[in-house]
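Novice: So you can see what is in the structure, the chains are spelled out below.
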Amino acid sequence: QKEVEQNSGPLSVPEGAIASLNCTYSDRGSQSFFWYRQYSGKSPELIMSIYSNGDKEDGRFTAQLNKASQYVSLLIRDSQPSDSATYLCAVNTNAGKSTFGDGTTLTVKP
Amino acid sequence: KAGVTQTPRYLIKTRGQQVTLSCSPISGHRSVSWYQQTPGQGLQFLFEYFSETQRNKGNFPGRFSGRQFSNSRSEMNVSTLELGDSALYLCASSYGRETFFGQGTRLTVV
Chain A
101 QKEVEQNSGP LSVPEGAIAS LNCTYSDRGS QSFFWYRQYS GKSPELIMSI YSNGDKEDGR
161 FTAQLNKASQ YVSLLIRDSQ PSDSATYLCA VNTNAGKSTF GDGTTLTVKP
Chain B
43 KAGVTQTPRY LIKTRGQQVT LSCSPISGHR SVSWYQQTPG QGLQFLFEYF SETQRNKGNF
103 PGRFSGRQFS NSRSEMNVST LELGDSALYL CASSYGRETF FGQGTRLTVV
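Sequence lines, in order, name chains A and B. Note that our numbering has the first sequence beginning at 101, numbered continuously upward. Note that our numbering has the second sequence beginning at 43, numbered continuously upward.
Since the hints were made in silico from the structure, they are not lab data. Check the hints yourself; a few may be wrong.
What the hints assert, rightly or not - Facing chain A, according to a computed beta carbon distance under 10 Å, are these residues of chain B, among others:
#1 44
#2 46
#3 48
#4 83
#5 84
#6 85
#7 87
#8 90
#9 95
#10 98
#11 103
#12 136
#13 139
#14 141
#15 145
#16 149
Backbone N, C-alpha and C fix where the C-beta goes; we use that ideal spot for every residue, glycine too.
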């Protein structure tokens, strides 16, 4: 089992729809959770961080964390073609080690 | 504030050679991490340096090494290059729990 697993994708949604990206992790000691967006040929860009159970909203993005279920998700409301990218889930343990999922590629169709 | 700067951006090396990549973190960031990204393996953690000390290490062979200087700038070195070392090498700097990536160095081994 991988330490961080993301839904394999690719994921395709129409413009204006909600895109839902999911991530599970195996280390119960994980404390910090991040979502990165990576456009093709570019480096990952941090878009959301979440540290406690519940929801965290930032504009059209909502991160959700459930530590009991070892699950973190990212919702993108009113999806735009510019949201088309690969989304990486990252999990940090207390020791500071970062582990990334393989990413989910999202395509938003006009 | 300047972002994470990596040099060079692109590099072509021959099997058996060695290579050194450089990274300047965001001003004030003392933690620098290195990652290898390939289409098949995703984003994999190489090592992390904090205040000139290696704090975490991933599962890479000893041919991969790094160091950090007193000004937090970091270098990574790969000796005896193999074809499989062709990848995007990403440097990231951290302050607190959030991590920011540089643009990467695209290494091609021929």
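Novice: Each of the hints needs a verdict: does it hold here or not?
Specialist: Going through the hints against the structure:
no.	hint	result
1	44	violated, 15 Å
2	46	holds, 9 Å
3	48	holds, 9 Å
4	83	holds, 9 Å
5	84	holds, 4 Å
6	85	holds, 4 Å
7	87	holds, 6 Å
8	90	holds, 7 Å
9	95	violated, 12 Å
10	98	holds, 5 Å
11	103	violated, 18 Å
12	136	holds, 8 Å
13	139	holds, 5 Å
14	141	holds, 7 Å
15	145	holds, 5 Å
16	149	violated, 14 Å
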